[in-house]
Amino acid sequence: MTILDHFFGILFISLHAMVPITLAATGEVLGETAGLFNIGLEGIILLSALTGALGAEAGGWVVGLLAGIGTGVAIGLLFGLISTYWKGDQLIVGVGINLLAIGFVAFQLIILGAPGFHAVPRAAQVPNINTPLGKDLSPLIFLTLALPFFAYYLLSRTQVGLKLKAVGEHPAAADVAGIRVNITRLLAATGGASLAGLGGAFISVDWIGSVTKEISAGRGFIALATVVFSGLNPLLVLLGGFIFGFFESLATWISTFPGIKAVVRWEIVPMTPYIVTLLVVAGAIGRVRFPAALGRPYIRE
Amino acid sequence: MKGLAFIARLRRLKAWLFARLIGPAARAIARLRPLWESLLAGLIGLAVGAIIMLIYHFNPIQAYFALFRGSFGTVYSLSEALANATPLILTGLTFAIGLRGGLFNIGAEGQVYIGALAAIALSLFKLPAGLHLIVTLLAGMLAGALWSLPAAILKIARGVHEVISTIMFNWIAHFLSFYLIANILVDPRRAEKTISILPTARFPVLMPRTSLSYGILVSIFFVGLVLFLLWYTTIGFEVRAMGFNPAACRYAGIKRWRTALFAFVMGGFTAGLAGAVDVMGRPPSYAIFSGLGGLVNLGFNGLGVAMIGRNHPVGIVLAAIFFGGLMAGGRLMQISPGVPLELIRVVEGAIIITLAVPELIRIFRLFRGKLLIWRRA
Amino acid sequence: MQGKSRLLILVVAVSLLITGLVLLPGAGQALKGRVAVILDVGGRGDLSFNDMGFKGTDEAAADFGLQMDEIQSASDADYLPNTRNAAISGQYDLIIGVGFLLTDAFNTVAAEFPNQKFAIIDSVVDQPNVMSIVFAENEGSALVGALSAMVAAYYGYPKVGVVLGIEIPVLYHFEAGYRFGIDWGNKKYQQVTGTNPNIGLLWTYTGTFSDIAKGYAASQAMLAQGAGLIYNVAGPLGIGDLQAVTEAVFAQRREAGPPFMIGVDANQDYLGDGHRVLASMMKRVDRGCYKAVADVVHGTFQGEIVSLGVSNRGIAISRYQDLLDFIEFGINAGAITAADKDRIISNWLTMRQGIPYWIWDAVSDLEMKIVSGEIVVPTANTVDEMLAIRAQYPLP
Chain R
1 MTILDHFFGI LFISLHAMVP ITLAATGEVL GETAGLFNIG LEGIILLSAL TGALGAEAGG
61 WVVGLLAGIG TGVAIGLLFG LISTYWKGDQ LIVGVGINLL AIGFVAFQLI ILGAPGFHAV
121 PRAAQVPNIN TPLGKDLSPL IFLTLALPFF AYYLLSRTQV GLKLKAVGEH PAAADVAGIR
181 VNITRLLAAT GGASLAGLGG AFISVDWIGS VTKEISAGRG FIALATVVFS GLNPLLVLLG
241 GFIFGFFESL ATWISTFPGI KAVVRWEIVP MTPYIVTLLV VAGAIGRVRF PAALGRPYIR
301 E
Chain F
1 MKGLAFIARL RRLKAWLFAR LIGPAARAIA RLRPLWESLL AGLIGLAVGA IIMLIYHFNP
61 IQAYFALFRG SFGTVYSLSE ALANATPLIL TGLTFAIGLR GGLFNIGAEG QVYIGALAAI
121 ALSLFKLPAG LHLIVTLLAG MLAGALWSLP AAILKIARGV HEVISTIMFN WIAHFLSFYL
181 IANILVDPRR AEKTISILPT ARFPVLMPRT SLSYGILVSI FFVGLVLFLL WYTTIGFEVR
241 AMGFNPAACR YAGIKRWRTA LFAFVMGGFT AGLAGAVDVM GRPPSYAIFS GLGGLVNLGF
301 NGLGVAMIGR NHPVGIVLAA IFFGGLMAGG RLMQISPGVP LELIRVVEGA IIITLAVPEL
361 IRIFRLFRGK LLIWRRA
Chain L
1 MQGKSRLLIL VVAVSLLITG LVLLPGAGQA LKGRVAVILD VGGRGDLSFN DMGFKGTDEA
61 AADFGLQMDE IQSASDADYL PNTRNAAISG QYDLIIGVGF LLTDAFNTVA AEFPNQKFAI
121 IDSVVDQPNV MSIVFAENEG SALVGALSAM VAAYYGYPKV GVVLGIEIPV LYHFEAGYRF
181 GIDWGNKKYQ QVTGTNPNIG LLWTYTGTFS DIAKGYAASQ AMLAQGAGLI YNVAGPLGIG
241 DLQAVTEAVF AQRREAGPPF MIGVDANQDY LGDGHRVLAS MMKRVDRGCY KAVADVVHGT
301 FQGEIVSLGV SNRGIAISRY QDLLDFIEFG INAGAITAAD KDRIISNWLT MRQGIPYWIW
361 DAVSDLEMKI VSGEIVVPTA NTVDEMLAIR AQYPLP
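Top to bottom, those sequences are chains R, F and L.
FYI, the working numbering numbers position 281 of the first sequence as 281, with every residue one higher than the one before it.
FYI, the working numbering numbers position 364 of the second sequence as 364, with every residue one higher than the one before it.
FYI, the working numbering numbers position 344 of the third sequence as 344, with every residue one higher than the one before it.
Keep in mind that the hints were calculated from the coordinates and are not lab data.
All residues carry an ideal CB built from backbone N, CA and C; glycine is no exception.
A portion of the hints provided could be inaccurate.
Reference excerpt, derived from the structure (chain L facing chain R, CB under 7 Å, subset only) [as the list claims (entries may be wrong)]:
1) THR204
2) SER210
3) ILE212
4) ALA224
Covered, in the sense of this in silico footprint (three residues per stretch, anywhere, with C-beta under 8 Å from a C-beta of chain L), are these stretches of chain F [unchecked claim]:
5) 183-192
6) 274-287
7) 334-340
Build the full structure now, drawing on both the sequences and the hints.
What follows is the structure, encoded as structure tokens:
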């Protein structure tokens, strides 16, 4: 095997590994731009991995992905409602969503008969496609690569983006200018959560082909870190998601090399993605500015 | 005239009553509002759990009876609830200190691991009984604080957001723990765990035949300490002011790096202690198993505890006991009506989501409003 | 008005709740006895170790008319209270602990309750009322190691791989046996064909028994480096291993392996449509649990050490009958559907027949020699012992 073969192998895995993180993080950027901070991403990914698997089993992969998106929308609506109209504390809701999801998914898997595990039949998984870029790639990879550009365009070049920024930065002024703050925030949070839902469904309906009680494995929190990394710039989300996916894949890949064990203990290698992310943030990115009204409900005076 | 004087006297009595008794009582009730809110949210969470049980054909009355019996129903179960609460109080404090200072410090998870490992490492040495315990506690505490320092420095020097740095350090701590457990601190006879804390450094069991140890006193002591530091010292005031209104603090000349450093290091102390107290007082093994099954989620559960406890040390104690009770009661709930343990997490989640909604608390405002109307009349 | 409507909703909800409660049936009917199964934090759903403990106890309970209660542990802190709760209740004829993590808890509680019967899997608790059931995983791993090496050589692959979970002593048994088996298979292949294939080993500890994506990525890496077979020694991660194997097979426009996965603990041959999992190293935790329950029912229960290995079929390489037994298990787990059953069986037979008979003979030969004691498979319980075995069988 040449170095290049290894590189393409790692690239192949990392392109898949980045999908759930990047999707969830792109969605979260939309929400946070509008001023809503949802730390329940982990829960959304986990729950929609379950509903996605059940949906795919019932009606094929399209239904599965839609079920994941639907789950994201439902949780996003709940989160959005509580944090806008009901003036609730966003952090608390997010923590609650995570706990609820962890409990409910494991509980539901027990009820399904095979506790902790549920497989999606091969025929109900998203079919891979062959492209000039590579064989057997998931079509969702291309969506994931394109979406941040779309989000970037949306945020920086359109009226909608302006509105989102306004309600996130200075909701009172936005209100005076005639923007309906709460509904704008609610929609942004719901749209954002739907992407996290798609990311969750991707894991079970496409990537791994099954759902387990811990399938999200901290990816929601990594997505959160990616958002902070990006400073709410969707293009940097793409970069952050890729860096993380790449180094995670690299770590798992090279830990299988027979020679590597003589050089470094296996426990050290999986630390790489986290250390690299820290270095990049500390070295190149540093202080990022968040919307002034992030995390606070808007109360009209 | 006499009648008028009587009425005047009555009025004075009424005024006195309000000033001395009913007024303070009403104010006390108002002050305790967070408590009522948490209680209401608890009830709603349990109701959500009951509805889910009904949907899946479990009997919620049986289940909640078992939950209660297994959490606060007997001295044994209460001890188990308190044993679970012991580390959660401390990790709850970690989050609360951070949030009070305007930091979203979710590094408790990793600091717990490091604190526990430091405590274990101290059992590589032999020391006299009392001293060993104190030195081990200090080691856990310092290790937790040391692990929180890089995040603090990155925040202060480079402006790296604490969410990103603490998540990364949690994972690094995770794999570092794997390394230390399997190699440096490994029990030579049983490689699936670390060496056990030596008897000289263990917290004695407080209630025989339960998991409750004297470690809970450490937790309670730190609740008092944090309460004192945050509310009765200058630096504590500055930390809270920074969390409340950072812009005003800048004008007042409060230095951001000082408050951030204080919040991180205090948080590290409490989280490190949580890990140390847990391994020093958790029978029967007094050790960490590979896979970290005893420590995983102590940090993240502390986040929930801090939320339910409204980021107040006293509230955190109550919330931690409540959480610990749910965990202890859940063990029994799965035996007798056979409700899977996972449902407990669903209930916890529903409670926390409910807590976030101030709207639901209107009922209590209504109650308070009536009281005020009566007073005016 | 708003307040009123809210109140109304509340009243309706509460009354619905009460109605539901009244309509619910009471506790289940009385059975002849009860057994409890206490699981460690790994919990159910790994399709291997924990599920096997559950399966065996469940079957025994059904056969002897007992009720089985499953007790999960959310944290290591739950082991002692869970065991104590079960013992305090006094209602269990037997309490089974699945996994060595429960060792200390069983040691403590067995002393506190000398009249309660206990059984523990994968660990030795030296008390008169505890039956300790241990397995010789190294022996079975040697069998699949020999098979892997010879099959890889036959199909022209240079390597075989093993994906392990968290570094624990039980996993050392697997790694040690597998290394020995590969070495034995290399030599056997040379004996028969005249050329030494020098099949090398790719191995990794992923540090997780839950993040399936790590099993998937590690397997892909091994397949890319020329591994012809991947041995799953990380419970649920096998789902990821198989996903990688399946994709590698499909990429060659085939349905059947090679490459293959080797299953663990349970019989996992039915996964991968019956022709991508070549064999499974079965660790019959179910038999151990069944034996413990049966002994209690028959009054022959003793606080003894029961060693299950190749000689008493407590450890075995999967055969046809095992496939039939475990297909139902897979259907219940949602891994396959009943409609797939016949196709899986025929696929499996074709796959096994595709491999020269002498290889199967050689594996049987090794099995006989292990049973007779002619060959002693090495094992490891500590880091140092494991390092010694890695040095002895480097398998570059």
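Check of the segment 183-192 of chain F against chain L for coverage (Cβ-Cβ below 8 Å, three residues minimum):
holds (count 6)
Just to make sure I understand the rule, a stretch counts as covered if three or more of its residues have a C-beta closer than 8 Å to a C-beta of the chain. Does the segment 274-287 of chain F meet that for chain L?
holds (count 5)
Please verify that hint: SER210 of chain L, Cβ, nearest Cβ of chain R, below 7 Å or not.
Holds - the Cβ of SER210 of chain L comes within 7 Å of chain R, reaching about 4 Å at its closest.
Proximity test - 8 Å, beta-carbon atoms, the segment 334-340 of chain F to chain L, at least three hits
holds (count 5)
Is the interface hint for ILE212 of chain L satisfied, with its Cβ closer than 7 Å to some Cβ of chain R?
Since the shortest Cβ distance to chain R is 5 Å, the answer is holds.
Interface hint for THR204 of chain L, Cβ within 7 Å of any Cβ on chain R
holds, 5 Å
Does ALA224 of chain L pass the interface hint, meaning its C-beta sits closer than 7 Å to a C-beta of chain R?
holds, 4 Å
The earlier numbered hints are all upheld by this structure, with none contradicted.
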